[in-house]
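> Join the two chains, each given in its own frame, into one complex according to the hints.
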Amino acid sequence: MLTRRRLLAGAGAGVALGLPLGPAAKAAGAAAQSVRLPLPGGPDERPITTDFPQKGAMILQRTRPPLLETPFEVFDQGVFTPNDRFYVRWHWAVIPQSVEVDKFRLNVRGQVDRPLALSMSDILALPRLEYAAVNECSGNSRGLFQPRVAGGQWANGAMGNALWTGVRLKDVLDRAGVKAGAVQVRFNGMDDPVVSEGPDFMKSLAVDHARDGEVMIAYAMNGQQLPLLNGFPLRLVVPGWYATYWLKMLNDIEVLNGPDSNFWMKTAYTIPDTPHADMKPGQANVPMVPINRLNPRSFVTNIKAGSTVKVGSPISVRGIAFGGYTGVKQVDFSSDGGKNWIAAQLGKDEGKYSFRQWQARFTPAAKGDVTLMVRCTNSSGEAQPAEPNWNPSGFMRNVIEATPVAVA
Amino acid sequence: MKRRISLLLLVAGVAFASPAAPAANAPLTLKSVDVTLPDSDRALPDGPGVDAVQNNCVSCHSAGMILTQPALPKAVWEAEVAKMRNVYKAPVDDKDVPDIVGYLAAVKGPK
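As you go down the protein sequences, you meet chains A and B in turn. Using my numbering, you'd call the opening residue of the first sequence number 1 and step up by one each time. Using my numbering, you'd call the opening residue of the second sequence number 1001 and step up by one each time.
For reference, chain B alone in the conformation it holds in the complex (with noise of 0.2 Å):
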């Protein structure tokens, strides 16, 4: 494997040798970073048990999550909201329980 290995500090102005990017020649100085990460604006299907799901599931992650998932078998579904709540710790009440599964199952259930 093909390495360069190299003793010299960065300074300021000396460029990276690199066959990557054009931006490559670039001198390298790591600055300081600030930015914002954008908000989902993806909002989830109307259905029985959306408010359940807006509620319990999607303060850890945006709709995006559920609206890629395919269609799944209840059992799966059944499982997947046991493994939030059990190994991610996510704040589910067990009244929530089933009508997170039962909207998942309807909106990515087998048809």
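Just chain A, with the same shape it has in the complex (with noise of 0.2 Å):
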């Protein structure tokens, strides 16, 4: 149960953020403890948690080890999310509470000419880059699937867009001196399993693409030094790709000479090779390949779903919209449920890797419910498609998502 504390504190972000109130709180006519997700049958409740060291008010998905959803109002305040309102998600539940950065040392091995074991100082005097990026969990949205399947039960906040400041992996390995005949770079991290027996959470990419000069050891996010939760002190940023390729706590990077095998690339987070990663419940014989690239998304942020607007008033809708492994190319956005669409405004671009403002006006014209679409296409012209995917794991849902409101 909630202390008094965590009460009071949830009371004040609740009110100083319009956060939807549960039925507890609704029921005491004031505090904001808990928050309803859009979950078709449920359970919808979440705790709205402040317990969490360098984190701000978050949905509570599980204490140990942490998932932590950000609330979806704080999308509607920018196109970068505050490093303290940055979701948070990890595999196992030893997570180092204390990094002395004098000590850290960042080792690459393998299939290299020169091991290294790189200090935070070695690492710094490496030419810098900084570019925006979207960092979204593969399972983003999975409480929507339907029908439901095990696993986080997300709603859309598995996500965040930051600016982030780091190293390119390619000046590290090239430093290193990779060795011909390598073919996969595999990264692994400060947390263990809880069972000493358990997979050792590590992933890789194609050496080609941990070359590619885009690929980032990040030590800032949003100009500050990552949370401890979000992979103090380094993380590789993958842009354009789901987030589990964003390895936390990054201290280790072991070039391969074959394929990794390990169980996180080769039966975790694998998607059906199909359009969408798309597939029937139960259908058997789909080939799967590991998750790679992120698909375009977009949403209101400005108009909860359920809320009423007012006749013959012109509205001004907002929200964000990303194109995944590339840029937006156009947000088109429908007040009548699909039937007709208007090109929406686009804001400033801040990169093709990073989410994007739009914003568009609508005047309802007669009383009743109408259902509010958007549709991001992204500069590869692939856009969100009518109907949603499913798959066994909960990946990669980018339906367009609806809005109903009532007009009246």
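Since the hints were made in silico from the structure, they are not lab data. One or more of the hints may lead you astray.
[To be verified] Not the full set, but computed from the structure, chain A residues with beta-carbon under 10 Å of chain B:
id	residue
1	Pro43
2	Pro47
3	Phe52
4	Ala150
5	Ser196
6	Gly198
7	Lys280
8	Gln283
9	Gly337
Quick reminder that beta carbons are idealized off the backbone N, C-alpha and C, glycines included.
In structure tokens:
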């Protein structure tokens, strides 16, 4: 149960941010201590927590290992997600709670000419790189899948956008000297399995991808060092790819001379090798491949589902969009459930991997129920699909979002 | 894509140019971190098998993992428990498996 301190803290945050009030809070007439997520069939109520270090008010999905979702109204406040509201996702519960910068080393080993143990000073002395990029959990929106699937029951807040600062992975690999015949580069962090025989969380990229000059070893997000729960002191940034590759607390890079067969590459985080990673429940013999590039998505952020708007009055609608593995070409808005679409106005371009704001205006002509829809088309011409995808892991949802509102 | 690449070394007091958050103007120096992660204060509902779940499941993940799950068929819970044992190497005794599956199917099964 909530302590008095948490209740008061939650109440303050709730009032300031306009968090939706849970039923318990409504009954009490004041404190926002929970939120309802739009998960079909429930359970839909989640506590709001302020108990996690370096974090503000977050939706508590799981305490240990932490799964913290960003409350959706944060995405209405700008394209950059504040560090203290950025979502959190860990696989194993053995997470170092203290990191001494002077003692930290990043090891580079395997198929290299010169194994390295880089200090933070060594890393900070390398050429600096900075860009904005969306970090989205493979299972963002899993709780919206129908039929429902097991796993972290996220709504749409397991994503965020930050300005990342760090060094090129390529520069670090070049310093070690990658040997001819290297195939993949594997990344490991300081977290460990609770059970010693359990599979340590590691992910790999193809050597050419690792050396593309974009993949970054980041030491800052939004101009500040990373919160511990977002990977302090270093995390991999793989722009345009799902967050499972963005290894947190990165301290080990191993160059491999063959494909990585570890559980987290070979078995976990695989998707149907089909358009939109879509398949039928129970469908057999579907070829599976490791999850990879982000797909395009877009959201309304300033009007909540179920709210009421006034007939005959012009309304400004706004939100965020991202193209995934490339930029946003176009965002279209519909105020009639997808029958007619208008091009939304796009906000400042912060780079092709960033969230981009959009806005549109409409005037509800008649009373009744309407459905607002928003659709992103990316620079490669890929648009969000009208039908939701399904796969047993609940990955890569990117259906056109629908926001039902009442006109009165 | 827009990028700013700088050869400047990071020096205490050098501000980050950033359109990001208000805090982005603060100087970047990496400081050691020492935090405490909170313990879970959520409890599993009572029911047959709750002790087996308490003894075998919550050392790797707190109760919230279970509490937030949707209703799923018993076969799905059997597969989940098998995955926890075979893939994640949870040391669960054979004799506890029916209790755990039964509890999950009762608490998180179709009504």
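> Each of the hints needs a verdict: does it hold here or not?
Quick rundown of the hints versus the structure:
Residue-level restraint check for A/Pro43 holds (minimum Cβ-Cβ distance to chain B is 6 Å; threshold 10 Å). Residue-level restraint check for A/Pro47 holds (minimum Cβ-Cβ distance to chain B is 8 Å; threshold 10 Å). At about 6 Å, the closest approach between the beta carbon of A/Phe52 and any beta carbon in chain B falls short of 10 Å, and the interface hint on this residue holds. Below 10 Å, beta-carbon pairs count as interface contacts, and A/Ala150 has one with chain B at about 6 Å; its hint therefore holds.
The beta carbon of A/Ser196 comes within 8 Å of a beta carbon in chain B, closer than 10 Å, and the hint placing it at the interface holds. Against a cut-off of 10 Å between C-beta atoms, the interface hint on A/Gly198 holds, since the closest Cβ of chain B lies about 5 Å away. The criterion of a C-beta within 10 Å of any C-beta in chain B is not met by A/Lys280, whose closest approach is roughly 16 Å, and the hint is violated. Contact between A/Gln283 and chain B, as hinted, is not supported at the beta carbon level, the nearest pair being about 16 Å apart and thus beyond 10 Å.
Because the beta carbon of A/Gly337 sits about 27 Å from the nearest beta carbon in chain B, more than 10 Å, this interface hint is broken.
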